[in-house]
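Student: Chains B and X are the protein sequences, given in the same order.
Going by the UniProt record's numbering, the first residue of the first sequence is number 1, and it counts up by one from there.
Going by the UniProt record's numbering, the first residue of the second sequence is number 1, and it counts up by one from there.
Everything labelled a hint here was simulated from the structure, so no lab data went into it.
Every value quoted in this text rests on a predicted model; they were computed, and no experiment measured them.
Be aware that one or more of the hints could be misleading.
Identical copies look the same in the list; a pair holds intra-copy or inter-copy alike.
Here are the simulated lysine to aspartate or glutamate pairs, EDC-like style, with alpha carbons at most 16 Å apart [said to hold, decoys possible]: (1) LYS13 to GLU401; (2) LYS238 to ASP181; (3) LYS139 to GLU126; (4) LYS409 to GLU371; (5) LYS238 to ASP106; (6) LYS411 to GLU123; (7) LYS238 to ASP104; (8) LYS85 to GLU281.
There are 2 protein chains.
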Amino acid sequence: MSRTDEFLDAATKVLGPRGLMTDAETMSPWLTDWRGRFTGQALALASPASTAQVAALVKLCRSHGIAIVPQGGNSGMSGGATPDKSGTAIILSLRQMNSIRRFDSDAGEITCDAGVILQTLHETAEAQHLRFPLTLGGKGSATIGGLISTNAGGTQVLRHGSMRAQVMGLEAVMADGSVFDALIPLKKDNRGFDLKQLLIGSEGTLGIVTAATLRLIPALADRAVLWAGLDSIRDARKLLLHAQRFAGDALEGFEVIPHDSLRAVLAQSAQARPPLAAKHEWHALIELAADASSVDALPALSQSLLESAFEAGLVEDATLAASDTQAEAFWTLRDEIGPAERGLGPAVQHDISVPVADMAEFVTATVPKVEAAFPGTRAIAFGHLGDGNVHFHVRAPSDEEPRNWEHGKGKAISRFVHDEVTAWGGSISAEHGIGQLKRDELARLGDPVHLQILRQVKRALDPDGLLNPGKLIPADDGRAHALAPGARTQ
Amino acid sequence: MSRTDEFLDAATKVLGPRGLMTDAETMSPWLTDWRGRFTGQALALASPASTAQVAALVKLCRSHGIAIVPQGGNSGMSGGATPDKSGTAIILSLRQMNSIRRFDSDAGEITCDAGVILQTLHETAEAQHLRFPLTLGGKGSATIGGLISTNAGGTQVLRHGSMRAQVMGLEAVMADGSVFDALIPLKKDNRGFDLKQLLIGSEGTLGIVTAATLRLIPALADRAVLWAGLDSIRDARKLLLHAQRFAGDALEGFEVIPHDSLRAVLAQSAQARPPLAAKHEWHALIELAADASSVDALPALSQSLLESAFEAGLVEDATLAASDTQAEAFWTLRDEIGPAERGLGPAVQHDISVPVADMAEFVTATVPKVEAAFPGTRAIAFGHLGDGNVHFHVRAPSDEEPRNWEHGKGKAISRFVHDEVTAWGGSISAEHGIGQLKRDELARLGDPVHLQILRQVKRALDPDGLLNPGKLIPADDGRAHALAPGARTQ
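Please construct the entire structure, taking both the sequences and the accompanying hints into account.
Tutor: Take a look at the structure:
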């Protein structure tokens, strides 16, 4: 029996016959990321049913030198859960581990297996008049483990923070098969640096998240949605500051939309209506939210926010959604920008961030700079102004062949945009992570000290490099070794 | 010239003649921690004036094999900034680095050198109608660097989180003298796991924090302080849940005080008045806070919280402070518990936490258990119920000689309390850190996997062990090596 067969045999003993699949048909859907950018091969698809099975499997992989690609809903944006083409790694799916282990509605805490789907978590919380305050487009497939491993964001980060802020406790299987158990939620715990924080956002390169204790907050009682027409994104920044001072914790979302994006949405949808009569260069979509403790004050708060914004000359025009249907319609205009932009032809998209205070200036400066550097392109920036998170799309000139353009000029444009955002002190990955999509760009643009620490921690916790190889951690190019402790001369 | 003299000579060149002191008189105040529990010796007291000087000094220390004890205000609770008795380490004081580098009052962000004192930060923020939402007793000496390195807590954690939650950006000098620069505040940044988080709470064992960007929030506009009399700490838990649902984000503090502690305070102060007429077994001190956006609603909110608590039978009696003077008087009763308890004789004190949901049951079960195990002692638990953070004091029997008792029976009691809190899944250090005070207890009670990861990260980032040796990271006892990657056989 070959060494590989020995491993598969032993793994089947650990997981049971249905826990390890090697046939091409079963594996196929999990070998390509959902955006269709990356396709790999795998030795097997392992689906453990418990943390103990994960731990036993990891030990087995270690003793056989088999690499592991952890996978949740396979709906990540950066290819972080897709194996490479070698076919020597296994995919370790957490999807069979999908139980709610504990739910304390009084305390507002829920302990979930890593494979619980975000939508299920939402529904479970809502049934007890609670709310899990993070949501995103892929909620029907995204798992808790994947959301933690990528420190996922979404549309409520302004008020509630990203996934990191929701995690009260964590369980993970480390590269040696030991189980790191920090599931018990302690609001204060200073027994050394917080190891949970290392695993959050580590994309499965340091350990495999198997469960988490998450915070829940009181259910949403009501919301108010405003749409404002503005002359510039700089005015949007002023309106954001005003809304923050005025509404404080009630401010849950603040999105900005340029005229061109709104026009694209309106052109492609028969149902869509512009919220305001006249044309405005920029638009802001503002959501205020209230739970039971603050719901009585919400109508007056939103009305006076609107009035004070007019009085202060911060808006050209503005309106408050008169019903929840209208509020949804406003949000649909925002959510349809991506599809509408795609309808206009090929584009390269960038998930970038700069300091919140600088986003308006960044967009104002960078849009014309990109269009000038790549004649015929159209640059569009929109998104989470309150988080400094810009969706920066650059559309191809109309005469380009899509596929060629994306792989040729498109890549040059992305490097240009990443150079700009780095010069502004920003991040080339605001919320989608690095995965395999941006690993080379991180290597190219990352601060050498930052990269060195990433590599040092990776080597310390996964010395054999078996956890999600080829993802996130840029390969060591020798430059770092000159700084690394092992290489110094005294 | 000896190797040590060579080092001192070179360090003086880096720091200037006033930047390196070796005379006993200058060093003396910094060789003993402020609680007077630990005294050490040092080769020199280094006071760099810039991050570049810190980096140059660290490189010099590394090439000479000199250990470094970073120190801020020297007001830590666990001896984390006090050198050992060998006299071979230098103290690296950050106190000369005390500039505000950048202050963006619109964005609510401030970038401070590590040596800026908390009180100065408070005053700087207040001058711009902003607030830094963390405070504690040592605010006149505690530095930003020390607060970050210990992930300090305080009385506002319930609403605003500990120091970790305030840090938006960080700069640190690593063990090889490289400068980790992540000062630019990005609300969303997923370029790998968040290295800032590793340094927060690492007590100077992984790097030396030299600056930070911190968040500021709108100034406090008003507060309401309630005092409630209760039959049991279990009822306090019910009242906490009610207050959380009722007041939401307005709830800023929830402290519990047993009858005995209040009696001790009243007995020792001529000015102190009991807030309520009758005797109650337990008391809750509740603070609601409002900024400009929510201040109008505060009087009605606090009044109806009081009324609804009566209606629901959650309190035996309760009162709302009628003035800010009375509110301060309520808080003084809480703050005087420590001194009043000390006036009653020797006691061992414990800074422990359990899950918030379990604190009432923990106290109810553990107080009699400790008193039964150590006849004649009196156990008192009070503190931050909203954070699950118990101050657990055990007073000596009246016939004991203080010094002998603390070092003999007192230590046995501490081990007993730590065993109990560990059995409840809690932490032996809620907010004071490990330092040298609790390092052996962490070694004894820490989860082996947790300890192994602490050691692995420490070895990776400080392979020579020169950063704050003897603090936080338990010495490797060989047990861990059996698990460690380097030691395995394939």
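Student: Indicate, hint by hint, whether the structure satisfies it.
Tutor: Verification of the supplied hints:
1. LYS13 to GLU401: Neither. Shortest intra-copy (51 Å) and inter-copy (63 Å) distances fail the 16 Å Cα cut-off.
2. LYS238 to ASP181: neither (45 Å within a copy, 29 Å between copies)
3. LYS139 to GLU126: within (15 Å within a copy, 42 Å between copies)
4. LYS409 to GLU371: The answer is within: 13 Å in one copy meets 16 Å, while 76 Å across copies does not.
5. LYS238 to ASP106: This pair counts as between: shortest inter-copy Cα distance 9 Å, intra-copy 39 Å.
6. LYS411 to GLU123: For LYS411 and GLU123, neither the intra-copy (41 Å) nor the inter-copy (49 Å) Cα distance is at most 16 Å.
7. LYS238 to ASP104: Intra 41 Å, inter 14 Å, cutoff 16 Å: inter-copy only.
8. LYS85 to GLU281: Classified as neither: same-chain Cα gap 46 Å, cross-chain 68 Å, threshold 16 Å.
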